[in-house]
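> So the chains spell out like this:
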Amino acid sequence: MTKVKELANKYKDYTIALRRDFHMYPEASMKEYKTSGKILKELNKMNIECEKVADTGVIATIKGKGDGKTIALRADIDALEVKEENNVSYKSRNEGLMHACGHDGHTASLLTAAKILNDIKDEFSGSVKLIFQPGEEVALGAKKMITNGALEDVDGIFGIHIWNDLEAGKVSVEKGPRMASAGKFSINVEGKGGHGSMPHQGVDAVLVGSAIVMNLQSVVSREISPLDPSVLSVGIFNSGSRFNVMAGSAYLEGTTRCFNMEVNDRFEDIIKRIVNKTCETYKAKAKVKYEQLVIPTINDDFMSEIGENAVKKLKGLDAVSTYEKTTGGEDFSFYTVNTPSAFAFVGSKNEKKVDYYPHHHSKFDIDEEALLISSGLYAQFAIDFLNK
Amino acid sequence: MKYKDLLEKQYDYILNLRREFHMYPELSFKEYNTSKRIKEELEKIGIEYINLTETSVVGFIKGKGEKTVALRADMDALSIKEETNVKYKSKVENVMHACGHDGHIAMLLGASKALYEIKDQLNGNVKLIFQPAEELVKGAKKLIEKNVLEAVDGILGIHLWNDIPSGKINIEKGARMASGDYVKIDFLAKGGHGSMPHQTIDPIVIASSFIMNSQAILSREKDPLDPAVFTIGKLTSGTRFNVISDSAHLEGTFRCFNEDTRKRISKAITKYAKEIAESFKAKANVNIYKGTPATINDEKCSLIARESAKKNCW
Numbered sequence: 001m002t003k004v005k006e007l008a009n010k011y012k013d014y015t016i017a018l019r020r021d022f023h024m025y026p027e028a029s030m031k032e033y034k035t036s037g038k039i040l041k042e043l044n045k046m047n048i049e050c051e052k053v054a055d056t057g058v059i060a061t062i063k064g065k066g067d068g069k070t071i072a073l074r075a076d077i078d079a080l081e082v083k084e085e086n087n088v089s090y091k092s093r094n095e096g097l098m099h100a101c102g103h104d105g106h107t108a109s110l111l112t113a114a115k116i117l118n119d120i121k122d123e124f125s126g127s128v129k130l131i132f133q134p135g136e137e138v139a140l141g142a143k144k145m146i147t148n149g150a151l152e153d154v155d156g157i158f159g160i161h162i163w164n165d166l167e168a169g170k171v172s173v174e175k176g177p178r179m180a181s182a183g184k185f186s187i188n189v190e191g192k193g194g195h196g197s198m199p200h201q202g203v204d205a206v207l208v209g210s211a212i213v214m215n216l217q218s219v220v221s222r223e224i225s226p227l228d229p230s231v232l233s234v235g236i237f238n239s240g241s242r243f244n245v246m247a248g249s250a251y252l253e254g255t256t257r258c259f260n261m262e263v264n265d266r267f268e269d270i271i272k273r274i275v276n277k278t279c280e281t282y283k284a285k286a287k288v289k290y291e292q293l294v295i296p297t298i299n300d301d302f303m304s305e306i307g308e309n310a311v312k313k314l315k316g317l318d319a320v321s322t323y324e325k326t327t328g329g330e331d332f333s334f335y336t337v338n339t340p341s342a343f344a345f346v347g348s349k350n351e352k353k354v355d356y357y358p359h360h361h362s363k364f365d366i367d368e369e370a371l372l373i374s375s376g377l378y379a380q381f382a383i384d385f386l387n388k
Numbered sequence: 001m002k003y004k005d006l007l008e009k010q011y012d013y014i015l016n017l018r019r020e021f022h023m024y025p026e027l028s029f030k031e032y033n034t035s036k037r038i039k040e041e042l043e044k045i046g047i048e049y050i051n052l053t054e055t056s057v058v059g060f061i062k063g064k065g066e067k068t069v070a071l072r073a074d075m076d077a078l079s080i081k082e083e084t085n086v087k088y089k090s091k092v093e094n095v096m097h098a099c100g101h102d103g104h105i106a107m108l109l110g111a112s113k114a115l116y117e118i119k120d121q122l123n124g125n126v127k128l129i130f131q132p133a134e135e136l137v138k139g140a141k142k143l144i145e146k147n148v149l150e151a152v153d154g155i156l157g158i159h160l161w162n163d164i165p166s167g168k169i170n171i172e173k174g175a176r177m178a179s180g181d182y183v184k185i186d187f188l189a190k191g192g193h194g195s196m197p198h199q200t201i202d203p204i205v206i207a208s209s210f211i212m213n214s215q216a217i218l219s220r221e222k223d224p225l226d227p228a229v230f231t232i233g234k235l236t237s238g239t240r241f242n243v244i245s246d247s248a249h250l251e252g253t254f255r256c257f258n259e260d261t262r263k264r265i266s267k268a269i270t271k272y273a274k275e276i277a278e279s280f281k282a283k284a285n286v287n288i289y290k291g292t293p294a295t296i297n298d299e300k301c302s303l304i305a306r307e308s309a310k311k312n313c314w
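Each protein sequence line maps, in turn, to chains A and B.
Heads up: the first sequence runs through residues 1 to 388, numbered per the numbering used here.
Heads up: the second sequence runs through residues 1 to 314, numbered per the numbering used here.
Calculated directly from the structure, the hints in this document are not laboratory data.
Don't be surprised by glycine CBs; every beta carbon is placed ideally from N, CA and C.
Among the hints, a few may not be true.
[Said to hold, decoys possible] Selected chain B positions facing chain A (Cβ under 8 Å, derived; list incomplete):
| # | residue |
| --- | --- |
| 1 | A178 |
| 2 | I232 |
| 3 | G233 |
| 4 | K234 |
| 5 | I288 |
[Claimed, not checked] Just so you have them, the derived chain A footprint on chain B, three or more residues with Cβ under 8 Å:
| # | segment |
| --- | --- |
| 6 | 117 to 129 |
| 7 | 197 to 208 |
[Claimed, not checked] Derived DSSO-like pairs (lysine-lysine); straight-line CA-CA distance at most 30 Å:
| # | chain 1 | residue 1 | chain 2 | residue 2 |
| --- | --- | --- | --- | --- |
| 8 | B | K290 | A | K192 |
| 9 | A | K312 | A | K69 |
| 10 | B | K222 | A | K192 |
| 11 | A | K283 | B | K184 |
Please put together the full structure from these sequences, using the hints given.
Take a look at the structure:
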């Protein structure tokens, strides 16, 4: 058994207690004041050098026995605006907020990994940088941490997501695309209102909006390679106020997803082209706004290999799993632009112990064995990266 | 006295009455005081009347003959804040006779006064229909259900019309105003995450497809010489950019001048909505609420009206 595994087992109760404490006091994105306070407190207890960064984030450093590389380990700390419907002893005490995505587990696991690494810091050279990041759910936290120096002098970065759609005991840290990019677009169509019985005197925004929706269907089906999985969805279409009044304007909002920067970088232009030309056809005008929320999360080959070997050491070959990439997004992707990286899915589904509910559901809960694996994996990955 | 002179005598009466009604407008089915005033005037003249419905007034001038002609005026006002600065401006907050119905009541009372004076010269009877709730497209129907048209051989209505210059009267045979029906469509689909469309059935795509395809009902399935219009004025679906909603709600109107066309378009709208929904594995709830039929002037009556107008214009 590796030292890391041994220590992870030793600190299991600590990890679970920590997770439950965070679970009871969830805080909204970018408002994780008490959460970051608790993180600092725990790190100070361990005598680990740490500081508050970006208002509600924390960066800590554990130095090894000599000079070497720096590996960053990242955990997100924010909760969601969801009303918890679990009846557990550690149910959320903060009305309308819930750790419905597992970030409480990430925070607890990384703190445990800090404890482990601190215990054995003379067994590696270089340093481990711990990034406790706010606002993942609003895709703002990573960017803020990076602006505040999170990636300075960092040679590699590793992140984990506890994952309810993967069996507990399994871990996926495969190479290649793991999570998708996410873009957000909004379209304001300007037609010309008028009486519903005299359409020729105006420009019908409901018609124009509909033509835009239909035309946008061809983006994925016709303009992107079938081998490049992509999505373009319109989630909101609101137009008009009265049945007999022709709508003068329409508002649409939607999202794009893909796994490849080349495709990702084409979305904005394609959407603008289709929207503008469709509007022109009907003598309408449009304002299109496009926002890149996150880019694709793509694991580097050698980082993935380090991850898989770390999993083998902790749980054996059986634990190394494959998991189909998901069209969900992660702002972890922003750390990966110029830094070697890997992102792991640590399975937490166990219907014998916990009823299954998907992430973000009001009854979401995890098999806490996943915390044991996560804390071990953070630490093992760090050591293996630094010792390579 | 010539009828024309008799009518001229009523001018001040009609003008003052119109201004009075203009100052005290009442909403559809709530024309309580308006109704009371009409009854007062009819009593003063000596004309019998009955209620039939809560605020309607149906008067009767008995002449010497079998035929009965009905004359109709509507009574209701609108939820509009008057912004004119006339001395007879509405005294009721946010209610206004913004469609001329105040004028219609006054005109019919004036005509009633004149007709009563010469009732012995009339070759039949005159039924005076003061009708509520025209703006809701409900008032006429209610009166008809109460048999207001029993033993009526013909009916004339008038609308003051601001899009025609004063001094001109338009009475033509054939279709004069369109039928209007209210369309409500709900597409029932399946919501889910915007990044996994295959797990959903997307109501925005269905609604858009319906809007695009239904253009063909009028452009391809209808005689070009038969005017009709179909407008969806309101479309709402979805609350978040990254969530596929489970439904889309549409409201619209369709108008035409021919009962046959009206039936066919109604069927076509329903068919398109249901079949398009089905093609996406969704469902459509279509509700078409019939409004008024088209107003089509009878040829004979139009001729009579045109002659009458010629005789009495000054």
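> Hint by hint, say whether it matches the structure.
Results of checking the hints against the structure:
1. A178: B:A178 check passes; min Cβ-Cβ to chain A is 7 Å, inside 8 Å.
2. I232: Where the cut-off is 8 Å and the nearest Cβ of chain A is about 5 Å from B:I232, the hint holds.
3. G233: Check passed: Cβ of B:G233 comes within 5 Å of chain A, closer than 8 Å.
4. K234: Holds. Min distance 4 Å.
5. I288: violated, 11 Å
6. 117 to 129: Coverage by chain A is violated for the segment 117 to 129 of chain B (0 residues, Cβ < 8 Å).
7. 197 to 208: holds (count 6)
8. B:K290 <-> A:K192: At roughly 27 Å apart (the allowed maximum being 30 Å), A:K192 and B:K290 satisfy the hint.
9. A:K312 <-> A:K69: Answer holds: A:K312 to A:K69 is near 23 Å, not above 30 Å.
10. B:K222 <-> A:K192: holds, 26 Å
11. A:K283 <-> B:K184: The hint holds at about 27 Å.
Figure legend: structure checked against the earlier numbered hints; hints not met, in rising order: 5 and 6.
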